[in-house]
Each structure stands twice: as structure tokens, then as C-alpha cells.
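Order-wise, the sequence lines are chains U and S.
With the numbering used here, the residue at position 196 of the first sequence is 196, and numbering never jumps.
With the numbering used here, the residue at position 6 of the second sequence is 481, and numbering never jumps.
These aren't lab readings, by the way, just hints derived from the structure by calculation.
Treat the hints with care, since some could be wrong.
In silico DSS-like pairs for lysine-lysine, Cα to Cα no more than 30 Å straight-line [unchecked claim]:
{"no.": "1", "chain 1": "S", "residue 1": "K527", "chain 2": "U", "residue 2": "K82"}
{"no.": "2", "chain 1": "S", "residue 1": "K527", "chain 2": "U", "residue 2": "K163"}
{"no.": "3", "chain 1": "S", "residue 1": "K527", "chain 2": "U", "residue 2": "K316"}
{"no.": "4", "chain 1": "S", "residue 1": "K610", "chain 2": "S", "residue 2": "K622"}
{"no.": "5", "chain 1": "U", "residue 1": "K2", "chain 2": "U", "residue 2": "K263"}
{"no.": "6", "chain 1": "S", "residue 1": "K622", "chain 2": "U", "residue 2": "K437"}
{"no.": "7", "chain 1": "U", "residue 1": "K263", "chain 2": "U", "residue 2": "K9"}
{"no.": "8", "chain 1": "U", "residue 1": "K2", "chain 2": "U", "residue 2": "K163"}
{"no.": "9", "chain 1": "U", "residue 1": "K316", "chain 2": "S", "residue 2": "K610"}
{"no.": "10", "chain 1": "S", "residue 1": "K481", "chain 2": "U", "residue 2": "K163"}
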Amino acid sequence: MKPQTLFDKIWTAHLVREEPGQPCLLYIDRHLVHEVTSPQAFEGLRLAGRPVRRPDLTFATMDHNIPTTDRQLPIRDPIAAKQVQTLEENCREFEITLFDLNSPYQGIVHVIGPELGLTLPGLTLVCGDSHTSTHGAFGALAFGIGTSEVEHVLATQCLLQDKPRTLLVQVEGQRPYGVEAKDIILSIIGRIGTSGGAGSVIEYAGQTIRDLTMEERMTVCNMSIEGGARAGMIAPDDTTFNYLRGRRYAPANFEEAVAGWKKLTSDPGAEFDNTIHIEAAGLSPQVTWGTNPGHVAPIDSRVPDPAEFDDPNARKSAERALQYMALKPGTPLVDIAVDRVFIGSCTNSRLEDLRSAARFVKGRRVSSGVEAMVVPGSQQVKWQAEKEGLHHLFRESGFDWRESGCSMCLGMNPDILRPGQRCVSTSNRNFEGRQGKGGRTHLVSPVMAAAAAIEGHLVDVRQYELERTPSSNPT
Amino acid sequence: MEPFEKVHGVVAPLDLPNVDTDQIIPKQFLKRIERTGFGQFLFYDWRFLEGKTLNPEFELNQERYRGARILVARANFGCGSSREHAPWSLLDYGFRCVIAPSFADIFFNNCFKNGLLPVRLSEEQVEAIFQRVRKTAGFRMTVDLQKQQIQAEGGMSYGFQVDPFRRRCLLNGWDDIGLTLRHEDLITQFESRNAPLLTLPSV
Ligand code: SF4
Numbered sequence: 001m002k003p004q005t006l007f008d009k010i011w012t013a014h015l016v017r018e019e020p021g022q023p024c025l026l027y028i029d030r031h032l033v034h035e036v037t038s039p040q041a042f043e044g045l046r047l048a049g050r051p052v053r054r055p056d057l058t059f060a061t062m063d064h065n066i067p068t069t070d071r072q073l074p075i076r077d078p079i080a081a082k083q084v085q086t087l088e089e090n091c092r093e094f095e096i097t098l099f100d101l102n103s104p105y106q107g108i109v110h111v112i113g114p115e116l117g118l119t120l121p122g123l124t125l126v127c128g129d130s131h132t133s134t135h136g137a138f139g140a141l142a143f144g145i146g147t148s149e150v151e152h153v154l155a156t157q158c159l160l161q162d163k164p165r166t167l168l169v170q171v172e173g174q175r176p177y178g179v180e181a182k183d184i185i186l187s188i189i190g191r192i193g194t195s196g197g198a199g200s201v202i203e204y205a206g207q208t209i210r211d212l213t214m215e216e217r218m219t220v221c222n223m224s225i226e227g228g229a230r231a232g233m234i235a236p237d238d239t240t241f242n243y244l245r246g247r248r249y250a251p252a253n254f255e256e257a258v259a260g261w262k263k264l265t266s267d268p269g270a271e272f273d274n275t276i277h278i279e280a281a282g283l284s285p286q287v288t289w290g291t292n293p294g295h296v297a298p299i300d301s302r303v304p305d306p307a308e309f310d311d312p313n314a315r316k317s318a319e320r321a322l323q324y325m326a327l328k329p330g331t332p333l334v335d336i337a338v339d340r341v342f343i344g345s346c347t348n349s350r351l352e353d354l355r356s357a358a359r360f361v362k363g364r365r366v367s368s369g370v371e372a373m374v375v376p377g378s379q380q381v382k383w384q385a386e387k388e389g390l391h392h393l394f395r396e397s398g399f400d401w402r403e404s405g406c407s408m409c410l411g412m413n414p415d416i417l418r419p420g421q422r423c424v425s426t427s428n429r430n431f432e433g434r435q436g437k438g439g440r441t442h443l444v445s446p447v448m449a450a451a452a453a454i455e456g457h458l459v460d461v462r463q464y465e466l467e468r469t470p471s472s473n474p475t
Numbered sequence: 476m477e478p479f480e481k482v483h484g485v486v487a488p489l490d491l492p493n494v495d496t497d498q499i500i501p502k503q504f505l506k507r508i509e510r511t512g513f514g515q516f517l518f519y520d521w522r523f524l525e526g527k528t529l530n531p532e533f534e535l536n537q538e539r540y541r542g543a544r545i546l547v548a549r550a551n552f553g554c555g556s557s558r559e560h561a562p563w564s565l566l567d568y569g570f571r572c573v574i575a576p577s578f579a580d581i582f583f584n585n586c587f588k589n590g591l592l593p594v595r596l597s598e599e600q601v602e603a604i605f606q607r608v609r610k611t612a613g614f615r616m617t618v619d620l621q622k623q624q625i626q627a628e629g630g631m632s633y634g635f636q637v638d639p640f641r642r643r644c645l646l647n648g649w650d651d652i653g654l655t656l657r658h659e660d661l662i663t664q665f666e667s668r669n670a671p672l673l674t675l676p677s678v
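Only chain S is shown next, with the shape it has when bound in the complex (with noise of 0.2 Å):
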């Protein structure tokens, strides 16, 4: 996984609450094999109308946002199915960090995995974002995990929390197999102790 340290960069709305993973990746893109190429197909059916025209009313379709990082988003962000190709193409895109009051939980998991950094603000912080956003074209933020600290021009300053173990990972860029497998000793450990619990009928 790439390390996360700190995201700079244009942040683009999505004034919606209840977000599901089938509007970020709809269905018929899953049936990919690989993990990469799935930000063409990010939000499909909202940024694209009949064929592959570009929705002009869907705001991440304006020319301001092109190229941004950081998404800002309503309450209970990635509810639904629990596709990792919603992280997946999310940061395909782009992005690397969502912003939102809450996070559904498989998503909010999902997206730690993949060095993409969800971060949790109040009601009103996130309000006060979008207010930017809308006002200032081009508006920039840098996410900062290191400090935990999310910083716009004009004295915008935002501190956040991330559960640690979590933000270690994500600042290592660690593998969280390899964390586990450290402690193999354990796991055969466990095994044995409840190996007829863990043996299955021959069939």
C-alpha cells in the first residue's frame, strides 16, 4: 500500500447524504478481475448521461474540480454493498482523501486498506467546507495525517482524529497481512486449542 502522509489539492463537492457504493461503482463494472482502472467508471450513472456524454448538471462534471483530491460529501458516505472497488475507484480517479460527517463501516474500513484517508468532521465544519468550495473556484485544502490537521487559505483549520493503530498503518504504508502473519505463533496456537471446532465432516 502507498504510505499516506498528507494530501494538497482541489476539493470537489457531493452535496448528497446516503452515498451507497452502487452510486460510486455501479454493478456492471465489477465484473472486472483486476484491482486498477475503475475511476473511468466512478460515479457512472450520475457523471455520464446516454452514451459516454458527460452529465453537465452533476457538479464534479465542471471544469473547477478537474483534477481534485480531496472529496466532500453528507452523512452515512459508502452505505451498501461492500465492494473495495468503490475505494478502488475513488482513488483512481484521483482522490485521496473523502471528507464527510460519518462514514458507513465496511467503506470506512475498506478505504484504510487502500491508502485512501476518510476523515470524519462535524456537521457544521463540513457545511463550512462546502460553503468554500462553492464560493472560492479552485479551492485547495491539504489534509495533513501526520498532524491530523486539515488547512484551507484563509486561516480554514480543521483538526481531525484517526484511531491510531489506523494512522500508523497509513503513514507506514503497511501491509496488514504482514502485521498478522508477525504473530502466526498465535494463530496455530488457537487452531489447536479449538481443533475440533475447526474440523469439518468428511464429505
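The following block holds chain U by itself, in its conformation from the complex (with noise of 0.2 Å):
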């Protein structure tokens, strides 16, 4: 047999019907849903009578409008507080299991996914949001999907998909000091392009890869929407099986099911449509300078002048870039003042997101005039980061500790930028006014969020004697 790659096996093992000319129709295991890209997608079902088709696959949470102060008072925006209700009285009608904000599984979707064992190795996993890339990190093909197709899938647990191209981005090497997952995605980014994958599910594999943690894996599948891909997915093993087990909803019979993810892998031989080879030594910690991901630039550079940019249409957007960034080309980018500072998002929310900025912030103090952060991932996050005392430590040194959601990540609840006002965060998007109108976003990984914060400019996390870590370089 023709040697298959990690997503052939997963796309041929869900396909319900193939047509030549038509889109194949492919089963999708889980539906994660949120309060923002549903509604409607509910409605369309009552008002064509359709039932949700497998509610016992599709899993809901609030994470994206709500406030992530304290939990007891009533949400003050009437109009989040409409689609808050709407999705409860949703989940209720078409008996949808549901994690609400008195659930001690409330969180981010992408982060509750993985921590209650409903993302398998193997499975399709879609929810409406591009960010469903993350949970390809446990060799599932998960994407992210329009309100159309949310309501599709609520009907018939099925998607009319176009088979989409492979791409494969090997990692070699050994991480250098000082760089992250976020860093890793962000070079690769900055080498393919915001549309380098369009069309494309990339597949993450290389020692590099291997190395890092299940944690680190999410942060890398993450981002991959913002080098234009469908998904990213990266091959189970060890670490995924080990993450998986004992986990809320994972399978029961969990050995024998580790038995048939093991086969879960690319086969020697497998063609992808295209590759890339990165070494993990010429990377270095990673900053952005413009309005999207791809305008990103190693920490101990300069920001870039637009009229070396080859590509007209290249230039054009590092032109509007600085303007509306406020920077002027040549500027060391260490040399960037911050006002704010966010730890968060699906990207950087996690355990050891906490732990490593953290672990930097102890015993220090953030710079005076910055405003800083912390919105951990989910309940189970901050409860556990609760027990190690890291929200002492956050506390102490001057930061904001927060309740689990998607917070300034885009800034649909209170959590917003004040224009002009210039942010360092952990999340994945630096789009104009994405963290509020006018504001500006540099993305950086949590322990350079956290140095930026003390320091209150952008700083080169090398120049400090990190810890080494799980979430820093395996040794």
C-alpha cells in the first residue's frame, strides 16, 4: 500500500461519502461550540425544525464575550449577557452538555478540549473558531469552521470538506536558550507567510518537535492559522498518551486505544505536497513589529525599513504597519516602551505558560506605568496554578490575576487596549484593533511577556539566567 501520511489516515478513516467533482463528506467526532459563532447556527436549526444530530459529541463553553472579573456579579454588558443566556437556553433545548461560568470546567475552548481528554489522538474536531488548529496537537484533525458549517455539523455531525494539500515542516535540533513553542511557531510563520499554508494542513514532526512537551505542542498547532493553514497537526506518542490518561472523557479502555494511536504517524516515504526543514539552533526569541504575525523579527534586531521589501504588496503592508504600530524603521526593538502586558489566550494560558513567566516575575516588581495580566486558560488552570501559589507570585509583583476566557486576547469583554496604548502579549493575533481600537500588540512567548513587564520595554529574555524547565529547553 501506498505510504500514507498522518492526515491521509485520519481523512480516510472518516470519509462517509466520495464523489469525483463534489466535496467529500467527512464525520466529525467532537463539536466543541461557543456563545459567539452559534447563535445562529441554532436558529437556523429551528427554523428549519432540525434536530442536533449526535448532542452527546458536541461539547459547549463561554469563553469569548465574558468578563473575567469576579464570577458572582452579574455581566454587565446587556448584549453579552443576551448571548451568554442564549447559548444556556440552547444547550438546554437541544441537550448539549455544557460548561458554564459556575462550571469548574469553564475555559478557553481550545484549552478545555485537551484538559478534559475530548481531544484524542486520531479524532476530527471542529468548532467555529480558527484557533481549532490547536488540538492537532494530538494527531486529531481539528479546524475551525463558519457559523454555516457549526449548524451543518449540528445537524448532520458531518462537513462537505475539498481534501486540502499537506505540507511538512521538520524541526531539527536543539532549541537554543531562551527560545520558546511561541517562538518556534512564530520563525515559522515569519519564514511562510500569513498565506504560506493556505489550503494546507501542516504536519509539525523532527526532533524539535518530539522534544517538547504536550503543552508546547498546543502553542505551536495554534498558530498555525496564522501562517494561513487549515490545521496543523503533529503525531501522538509518549507524551500525548501520557498527557491523555485519566483524563475526564478519555476512553475507558485507554491502553487498548494507545495500541491503535501508536499507528498514528506519517509512514516512511509519505509524500506531502511540500516541506520545509527548520534547525532549532538558528532560532532566536521571537517579537512582532507589525499588524499581523508574519511581521515578526528576532528580539535582538531592529524594527525593519519597508523599502527594503522586495514584494510591492509587502511593502505596502509594513508601511501601513509602522505607522499604525508608531515605530520608526531602525529602532532596536529592545528599545520598545510597553503600557501593557497580557498573559493569556489559547495560545499561552496554560499551566506551564504560568509557571515559566511566573517563575520570572518572583521576587521582582512590574515597571511602574505598565499595567499587567494574567488571564489563566481555564478554571482548572488558575485552580492549579492557585495551588502552587503562582498567583502569589503574580500578585506581588504587580499583576492583575484574573478569572479563565479569552480576555484581551480579542477584547470582546471589558479587557481592552485604550488607543495609542502599546501591549506585549502571549496571544496570536496583532491585528490593527484587534486588543481595542487603536491599540497596539507586540506577541512575544510568556517569559518575554513577563521581562517586558518589569522592565517595561521589550527585552531579550537571554540576557537573564532562566531556570531550565519543562517549558524551557529539555536538557
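With the hints as a guide, bring the two chains together.
Here you go:
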């Protein structure tokens, strides 16, 4: 038999119907739902008199528009409150499990899926959210969909899909000191550009990827969409199985399941439509300087000069970005002063992220004039972090410690930048206005964000003696 | 879904690459639970200055583009968030067709589900349209999905390709769910074949 990629194996196993000249009908094993992209889908079902086909495979939470302040208080924004209430009503009506604001399992949809063991190797998983690519870290085929497709999955538990292309990103070698998972994925996006992965599913492979913890792998897969890809995936291995063992919704016959999952690797000689190689040794901590994640550079470099871009589109985009970001070409990146620091989002709000930031801020003070906040990805992350006392470290150094949600990753709730404010953020999008109209975003890893909060400007973390830990370099 | 056969109308330019869905419709407007009424918020942060004053520097605000039905833009249009509010707001504003050298995947998909036609042309063709739009106030084109052809006065004519299945759905205004449910027996068979994998532990 022809050698198959990991993607091919999952794709083929989920084909319900294949007809030349038509998109394939693909079965969906898990459907995650949140308050913002679902109300119109449920309304569509109601209008057509259709039920949810598999409420048992559908799980919902509220994360995007909710406040991160005291949960005991009602949501003050009436339109946001209505949306949250609508999700509650829809879940009740269609009998879908909902992790609501009172649930100990509430959190960002891409944090709680893996945490609960809903995300498993070999599955197809979708959500009305582009960062669904996160779940590919487990060797699942996971991708974001629009609201019409949410309705389609609710009604049929299937999706009409054209077969995507495949892109192999092979990262080899030992990560240098100070280089985090976030830096790996930002480097990859810097290299392929924001549309380099368009129409493709990326498989990340190579020793550097193998050496990543599960949470680090999620950070990498999370930002696949920022490279334009539909999905990102990593073949499951012992790291994956060990993470999943004992999770709430993990299979009861776990070891049997593991035996099956072990087959989920790309066969030797399997063909990809494209391949790129990256040497980890050449990587350094990254920071974005512009208004899309491809506008990225090593922290020890300078704000680029748009005049040096060959491609006219790239030049135009860089010029506009620098104007928006109020940056001058040639400025050393480490000289950029910051007003706000945000540690959170489905990219970097898990326990290891918080540990790595907390370790850095321990015994240090947030620079005067900087407002810094930590928003754990889920109630479980928050609970565990508090058990370890991380919230004390953050609070003592001057960070705000919040309830879980998307928060200032997209600023649908009250956590937003004021116009002109500059924020160092562990999230995934530095688009114009993403964190608040007129706000300026620099994307970095959690430890780089922590360091920027302490120093009041961007810093190269390699100048510090970082403790080596699971979320730093494996030695 | 409203069928799409052809659209004839004023062409408006948006001369930027990588226009993301956060720009098309900023997040503060995603809290509505309806599908309608998003047009007033289209490109909100670009269209409006403080308050509700129209930004005179934003091209789309010029009188000559009033009532535009076709939007021409640059590469990687619609990148970022999967929000379907992006095509909803373009449609509600009055657009039926977006022309660009390339589109981001999810946005591209979402357009077809709503009767908004995304057309890919080459960089050169898009550039030529930009030039015509700027030169001629009230420049109009016809985008014909049946013939897969774009036409404008002065001999401008470009063919374009649309995936045959999507084209058929759009021309007929077919609802995907209805199409899929015709194969319900296959879905049921798949489910019984894979029942153990599709059974979650009860907690
Ligand atoms: S944290 Fe940000 S990117 Fe992730 S799901 Fe929430 S809004 Fe989307």
C-alpha cells in the first residue's frame, strides 16, 4: 500500500461519502461550541425544524465575551449577557453539555477540550473558531469553521470538505537557550508568511517537535492558522498518551486505545505536497513589530525598513503597519516601551506558560506605569496555578490575576487597550485594533511578556539566567 | 440561501493586502445573535472616526462608490478569525461579489454558504480593475457566474473559475444541509461501523 501521511490516515478513516467532482462528506467526532459563533446556527436549526444529530459528541462553553472579573457579579454588558444566556438556552433545548460560568471546567474552548480528554488522537474535531488547529497537537484533524458549518455539523455531524494539501514542517536539533514553543511557531510564520499554509494541513515533525511537552505542542499547532493553514498536527507519542491518561472523557479502555493511536504516524516515504526544514539551532526569541503575525523578527534585531522589502505588497503592508504601530525603521526592538502586558489566550494560558512567567516575575516588580494581567486559560488551570501559589507571585509583583476566558486576546469583554496603548501579549493576533481600537500589539512568549512587564520595554530574555524547566529547554 | 446568477454594479476598491476579518467586522459587533444588520458595522474602525463621523480618507466612503455591489481587494483577503459575520456584513452592506488575487480558506468557504461570490483573478487582472475603478467614477462591471465571466465597458473581459459543485449550489441557492441529509443512510452506516469510537464514557 502507498505510504500514507498522518493526515491521509485520519481523512480516509472519516470519509462518509466520496464522489468525483464534489467535496467529500467527512464525519466529525467532536464538535466544540462557544457563545459567539453559535447563536445563528441554533436559530437556523430551529427555523428548519432540525434536531442536533449527536448532542453526545457536542460540548459547549462560554469564553469569548465574558468578563474576567468576579464571577458572582452579573455580566454588565446587556448584549454580551444576552449572548451567554442564548447559549445556555440553546444547550438546554438541544441537550448539549455546557461548561458554563459556574462550572469548574469552564475555560477557553481550546484549553478545555484537551484538558477534559475530549481531544484525542485520530479524531476529527471542529469548532466555530479558527484556533481549533490547537487540538491537532494530539494527532487529531482539527480545524475552524464558520457558523453555517457549525449548523451543518449540528444537523448532520458531518462536513462537506475539499481535500486539503499537506505541508511538512520539519524542525530538527536542540532549541537554543531562551527559545520557547511560541518562538518556534512565530519563526515558522515569519518564514512561510501569513498565507504560506493556505489550503494546507501542516504536520510538524522532527526531533525539536518530539521534544516539546504537550502544552508546547498546542502552542505550535494553535498558530497554524496564522500561517494560513487549515490545521496543524503532530503525530501522537508517549508524551501525548501520558498527558491524556486519566482525563475525564478519555477512553475507558485506555491502553487498547493507545495501541491504535500508535499507528497514527506518517509512514516512511509518505509524500507531502510541500516540505520545509528548519534548524532549531538558528532560532532566537521572536517578537512581532507589525500588524500581522508574519511581521515578526528576532528580539535582538531592529524595526525593519519597508524600503528594503522587494515585494510591493509586502512593502505597502509594512509601511502601513509601522505607521499604525508608531515605530521608526531602525529602532532596536528592545528599545520599544510598553504600557500593557497580557499573559493569556488559547496560545499561551496553560499551566506551563503561567509557571514560566511566574518564575520570571518572582521577587521582581512590574515596572511603574505598566498595567499587567494574567488570565488563565481555564478554571482548571487557574485552580492548579493557585494550588502552586503562582497567583501570589503574580500579585506580589504587581500583576492582576483574573478569571479564565479569552479576555484581551480579542477584547470582546471589558479587557481592552485604550487607543495608542502598546501591549506585549502572549496571544496570537496583532491585527489593527484586535485588542482595542487603536491599540498596538507585540506578540511574544510568556517569559518574554513577563520580562517586558518587569523592565517596561521589550527585552531579550537570554540576558537573564533562566531556570531550565519542562517549559524551557529539555536538557 | 438566495441564488446567485449574476451581479451588475458599481465596483469599490479596498487597496490593502491581508485584510483580516477583525477589520471587516470588529469584535464589538459580534455579540448580536442575529444574522442580519451587520452592514452598518462593516470596516467600522476604518469607515468611522470618533463617534459616527465618516472618515473622509477611507476610500469606500467616497460618494462615487455609493451603492457598490462589487468589492475589489488585494491578496489574502479575509484572513484571521473564522467569524461568518464577515460575509454577513459585506452582504448586508450591499456587496454580492469580492474580487481578489487570493482569499483565506475559511472566509472563502463562508462566502459560498451565504451567496457572496468570491472571485480569484491574477494580480495583473486585479491591478487592471483597480486602475479602471480609480479612473472612471461610477465604474461598473458585470460578474456572471453562469458564464464564469466578468465584463465591463471598454472591452474588459475576464474569465474566472469556480469549483463546479459550489457553482451549482450558488446558482440554485441550495442549502448544504439539505444536500447532506440526502445521504443520511450513509451517515448512519458510518456511525454504526464506528460506534465504539463514538461512545464517550459517561461521567
Ligand atoms: S483566546 Fe483568542 S484566539 Fe483563542 S479562542 Fe479566544 S479569542 Fe480566539
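Hint check results:
1. S:K527 with U:K82: The given pair, whose Cα atoms are some 25 Å apart, holds under the 30 Å limit.
2. S:K527 with U:K163: Since the Cα atoms of K527 (chain S) and K163 (chain U) sit roughly 44 Å apart, the hinted pair is violated (cutoff 30 Å).
3. S:K527 with U:K316: holds, 28 Å
4. S:K610 with S:K622: With a Cα-Cα distance of about 27 Å, the restraint between K610 (chain S) and K622 (chain S) holds, given a limit of 30 Å.
5. U:K2 with U:K263: Given pair K2 (chain U), K263 (chain U) holds - Cα atoms ~15 Å apart, limit 30 Å.
6. S:K622 with U:K437: violated, 42 Å
7. U:K263 with U:K9: Judged against 30 Å, a Cα distance of about 9 Å means the pair holds.
8. U:K2 with U:K163: The given pair, whose Cα atoms are some 18 Å apart, holds under the 30 Å limit.
9. U:K316 with S:K610: holds, 21 Å
10. S:K481 with U:K163: holds, 28 Å
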